[in-house]
Every structure is written in structure tokens, then in C-alpha cells.
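This is what each chain is made of:
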Amino acid sequence: MNNITNVLEGRNLVKRYGSVTAMDGADFDLRRGEILAVIGDNGAGKSSLIKALSGAMIPDSGVIKLDGNPISFKSPMDARNSGIETVYQNLAVSPSLGIANNLFLGRERRRPGILGSVFRMLDRKAMEDEAKEKLSELGLLTIQNINQAVETLSGGQRQGVAVARAAAFAKHVVIMDEPTAALGVKESRRVLNLIKDVRDRGLSVVLISHNMPHVFEVADRIHIHRLGKRVAIIKPSTHTMNDAVSIMTGAMNPEDHQAGAFAD
Amino acid sequence: MATPLSASKQEAAQHELVAASATGNFASFEAEKLSFMERAHRFFHQHPTAAPAIVLLLAIAAFSFIIGDRFLHPYNMSLILQQVTIIGILGIAQTLIILTAGIDLSVGAIMVLTSVIMGRMAIDIGLPPFAALGIGLFAGAVCGYINGLLVTFFRLPPFIVTLGTWNIFFALNLWYSKSETIRSQAIDSVAPLLHWTGHTVEFFGAKLSYGSLLMLALFLLVWYLLNWTAWGRHVYATGDDPAAARLAGIRTDRVLLSVYVAAGIICAIGAWALIGRIGSVSPQAGMMANLDSITAVVIGGCSLFGGRGAIFGTLIGALVVGVFRNGLALAGVDVLWQEFTVGLLIIVAVGMDQWIRKV
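Going line by line, the protein sequences match chains A and B.
With the numbering used here, the residue at position 28 of the first sequence is 28, and numbering never jumps.
With the numbering used here, the residue at position 215 of the second sequence is 1215, and numbering never jumps.
To be clear, the hints were calculated from the coordinates, so they are not data collected in a lab.
Any given hint might turn out to be false.
[Said to hold, decoys possible] To spell it out: a stretch of chain A is covered by chain B in this simulated footprint if at least three of its residues, at any positions, have a beta carbon under 8 Å from a beta carbon of chain B; those stretches are:
(1) 73–83
(2) 105–116
(3) 120–126
[Unchecked claim] A short, non-exhaustive set of chain B residues, derived as facing chain A with CB atoms under 10 Å:
(4) Arg1042
(5) Phe1044
(6) Asn1227
(7) Arg1233
(8) His1234
(9) Asp1240
(10) Ala1244
(11) Arg1246
(12) Ala1248
(13) Gly1249
(14) Ile1250
(15) Arg1254
(16) Gly1307
(17) Arg1308
(18) Gln1354
All C-beta atoms, glycine included, are put in the ideal place defined by N, C-alpha and C.
Just chain A, same shape as in the assembly (with noise of 0.2 Å):
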């Protein structure tokens, strides 16, 4: 195992909420480039994980590195500012404010000079500009007006305007909950392939998903969490959807992959 391919890394994090252990000296690799499905039962501890890695949550012991460098976030802003960007399940965008506006919400860019540092007057064309740019580097470009109100759009739409605000703005890490859980089949495959898309711009895909299908498709390895810890990485090429399920639900013993898995 090389470090230096890890751009986000999680060593035996601790987080106990009174007599309730949520991580029990769980870790976590993310390679550069991949897309890492995160899988667990309800309750085994991948939210808290992703809260830790997001800044949402502050582990109580552990260490996490951020290109081999230990960090500490504070705060979601604090993971925002290092590159590592979340989409959350309930999407975070404001339902009556358009799509550039969505897109730059809170890191708006104001005009140059003094009508910017005196009357901080906002730069709008450049926000939409930019918002259009950044929409079809996603192949998303089809949604014409880009000061159309996001509560207007579909659930893949919205949840297209959210991926790309991430991807927009991540330097080394996007991380997506759910991200197809409210969708349909059609939308979810081009949320997939946006996934894919973001994945080949460079970036790091951590994908939180609880549909084994999207899972096997789009992951390069998954890391399955149970009982507050990893407890094995997997690659869809040489396990299949009844093991992960198995070492996710404790059925299989996750020793015999293990090794094999971490080795490559």
C-alpha cells in the first residue's frame, strides 16, 4: 500500500456518543482519481465517517490526512476551504434562488474595482458565465435559462446543479451521499455518468450509496463499513454484489478478501 497515491486518509478514528460507539478505530483510503463506494448497513457508522471527512463532525481521536498532511476541520467550511467538497442528500440548494446563484452561493464574486470593494456590487455576468461553463463541462448545458429558479428543475437537474457546484469547486475531493436515492432510473444513470465524468476531470469520488447496482457500476474499489470500522475494501472485478452484501451483513468472514483486495 502506497501512501502517496492518497488523497484523503482516515487512520483508527474514534467517535463515541455517550455508550453509543459510532467509529471504533475505523480507516479510510482514498486514491487519487477514484471512485470509492462507501456500503454499510444502517447504523454501521458511514455517516459519522463521512462526517468526519466533511468537517461536519469532529472525531474524538485519530488522524486524518489530506494529501499526507494531518488536518483537523472544524468546520464544513474549514473542509470546503482544503478542496474537499459535499453534496448532501437533501441537495443544500436554495429552492427559489436561480442556478448561478445556487452555484456561487456563499463564494460570490464581486465586479473589480470600486464597484466591487466600495459598493460590493456582484458580478453577475461573470457568475453566469462561469455557471454556464462549468454546466456544460458536465454535458449540462441543455438547462437554458441559468437564472432559472432550482426548485423549477427535476430531481436529476437539481441534483445535476448540486454535483456540478461540488465538481465546480473541489480541488481534491467530492464527496455524495445518496446522490440517487431520490431519482428515477433514467435520472440516476446520467447522475452515474456525471459521477464518472467528474471522476475522469481528475477529481475523487466518494460515493455513499445503498443501491448495489449503481455501486458496482461506477466504483473502481468499495470500502464496506460495519459495526464502526472497515472492514474490508473490495473491487467489483473480482467480488460480486452477494459478497459485499455478505461481509456488509456479516455473513462472510471479510478476512479471506482482504488481503488480495488491499494489494493492488
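Use these hints to put chain B onto chain A, whose structure you have.
Structure of chain B alone, referenced to chain A:
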């Protein structure tokens, strides 16, 4: 687990089958055939001020038809503008609060309290008029800050907070003014600056007061802030979905606090306009201003659920009320029917909002 073990492979195959047939662009719009109602809905959804603007134009047309030139005369038009000045200014403050999904019942009380402070500072204490004005504006900011702090830091609902501070500010106003009115002559001789908002300029037979012009300038300023600064976008986002705004990195508590402070300052500007309009400083003035400002905002198409609405809608909303009151009065209709009409307009406006908000 979304997929049962045995069925997962089968489902995957099915998934691929359906997915393969999905060839369209990811975010394309099918050429939709829209019914008239759907098109109307989309139009009103995109243009929140359209509905009140149509009502205003229809009302003006109807009253000019019924009453004739007396109604349309520039003097009467400017009179309407003067009559809505106070409510318009408080409506600006109210719009900011309502955009954040809050409500401010204390705007009128802040206005009266700060007008008394301005008057007493200038007349009783003998401070220079501009200093009295400045202290009044500062007092407005403090009142707003108290509201904002209770809403953000103590997490109390805005309705209850401002219901409480409405009473508190009004009681302080009675205490500080000793329930006495400061007479207009006294203000004229010592602090004419406080009367500046009541002076008028002639303009093609119209008598525009500086107070009305101040109101229009404030509308423009707040329009700019809401539409052309990041702060304005954050105000909308905070009212729209606070959780989403926080996840997008917006410090919503800070935004809320700034909105309440701004509203307090705007109410104090309203106090200045109030002194100019009624001439004296009376602790009993503007009793109905709290609710009238909400009326203007609601008729102006702002959603009480936050995040939706435009600042100029409130100006139109205030004008709609002003036009109806003025027109019905000129037509010789009993005052009670003015109240009746305003009540009707509020209900229609809120009904419209419920329909428009549906996507």
C-alpha cells in the same frame, strides 16, 4: 438495504435495460404544451411583483373611470404618495424581515420610540438637530439589535419576540415622552431639520414631499442591496432554506442579525418621515403602522414563508392600499368599506401566494 440479495442481479439487468432507452440530454427541456393556467402560474412565479402591479393598474383605471380627473390629478397622485410614505418606509423594514421567514410586529413601536427620542434630544436636551437625528437612528439600530439577538442567540420565534418588544418599546415611548406631545412650533424654532421630510417640491402640479422622495431613495437602496450584493442573496437564501444556506457556508445567524438591525435603522428613518408628515412628535402616532406595514408587504406579493418576493412589490402593495383608500374616500364611500376592501386584498394576496409557491 434497498436491494434484496436474490433480486439484485435481476434488478441490475432491468436497470440497464431502462437506462439504455434513456437517450435524451441530461437536463434538457422537452417542448412542453402548457395550458393557460400553467403559463399564468409560471409567469407569476417568475415575476412576484406582476400580480400586485396588475391590481394597482386596474385600481387606478377603475377609480379614474368612476371619479374622473379629480382622482388622476397630479396633486391627488402626489397626495397618495405622501399618504403611503410612512407605511412604505416601514414596509421596507418589514420586507427584509419577512424575506427571512420572520415577522416584525414592533416596527411601528420602534418608529414612535425613535421619533420621541429625536424630538426630546433636540428640544428638551437641546442637542444640535443632526445629532438628535443620529441618536434616533442609533436607537433604532439598538432596538433592531435586541430583536435580532432574541431571534438568533436565544432562538425565540420572531412573532413572539416582536410581540413582546412591541409592548416594551411602546411602554418605553410613553415613559420617555411622559405621554406628552412635542408641538410643531417648538420643532420649527429649534430643529427645523426634523421637519425637512415634510417640505414639498412642486412638480407639474404634484406636491412631492422630501419624505416621499426619501422613501423612494430607500427603496432603490434596498433593491440594490438585495439584488446586487452577496448580502442580499444570503438574505433570500436564509429565508428560503436556512439549513441549505448553512451548508452552503452562509452564517445565517449573522445574516438574520444584520437584517433586524437594518430594519431598526429603517424604522428610525421612518420616524424622521413621521415627524415631517404630522409636524409634531406624538407618542400616540403610528398606532396601526405595525399591521399596515405587513399588509403592504403581503399585498406586494412577498411570501410570509420567506425567500420569495421583491422589494418593489412592497411599494406597489403600499400604493394599492393608498389608491383604494383615496379612491373610495373621493367616491364618497363610507370609511368602513376601505377597511373591508383592504381586508379582502390581504386574503386574495395570500391566496395568490399559496398558488404561486406551488411548483
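Verification of the supplied hints:
1. Counting residues of the stretch 73–83 of chain A whose beta carbon lies closer than 8 Å to any beta carbon of chain B gives 3, which reaches the threshold of three, so the coverage claim holds.
2. Under a criterion of three residues with beta carbons nearer than 8 Å to beta carbons of chain B, the stated coverage of the stretch 105–116 of chain A is upheld, 5 such residues being counted.
3. Counting residues of the stretch 120–126 of chain A whose C-beta lies closer than 8 Å to any C-beta of chain B gives 4; at least three are required, and the coverage claim holds.
4. At its closest, the beta carbon of arginine 1042 (chain B) sits 8 Å from a beta carbon of chain A; the interface hint therefore holds under the 10 Å criterion.
5. The interface hint given for phenylalanine 1044 (chain B) is broken, as the beta carbon of that residue sits about 13 Å from the closest beta carbon of chain A, more than 10 Å.
6. The criterion of a C-beta within 10 Å of any C-beta in chain A is met by asparagine 1227 (chain B), whose closest approach is roughly 8 Å, and the hint holds.
7. Taking 10 Å as the C-beta contact cut-off toward chain A, the hint placing arginine 1233 (chain B) at the interface holds, the least distance being around 6 Å.
8. Taking 10 Å as the C-beta cut-off, the interface hint given for histidine 1234 (chain B) holds, the closest approach to chain A being about 8 Å.
9. Using the Cβ-Cβ criterion of 10 Å, the hint placing aspartate 1240 (chain B) at the interface with chain A is satisfied: the shortest such distance is roughly 5 Å.
10. A cut of 10 Å between beta carbons decides the hint on alanine 1244 (chain B): the least distance to chain A is about 4 Å, and the hint holds.
11. Interface hint status for arginine 1246 (chain B): upheld, as the beta-carbon distance to the closest one in chain A is roughly 8 Å, under 10 Å.
12. With a least beta-carbon distance of about 4 Å to chain A, the hint placing alanine 1248 (chain B) at the interface is held under the 10 Å criterion.
13. The criterion of a C-beta within 10 Å of any C-beta in chain A is met by glycine 1249 (chain B), whose closest approach is roughly 4 Å, and the hint holds.
14. Interface restraint check for isoleucine 1250 (chain B): the shortest CB-CB distance to chain A comes to about 5 Å, inside 10 Å, so the restraint holds.
15. Evaluation of the arginine 1254 (chain B) hint against chain A yields a violated restraint, the C-beta minimum of about 12 Å exceeding 10 Å.
16. The beta carbon of glycine 1307 (chain B) is positioned within 10 Å of a beta carbon in chain A (closest approach about 5 Å), and the interface hint is therefore held.
17. Interface hint status for arginine 1308 (chain B): upheld, as the beta-carbon distance to the closest one in chain A is roughly 5 Å, under 10 Å.
18. About 15 Å separates the beta-carbon of glutamine 1354 (chain B) from the nearest beta-carbon of chain A, more than 10 Å, and the hint is not met.
Hint compliance for this structure: hints 5, 15, 18 are broken, all remaining hints hold.
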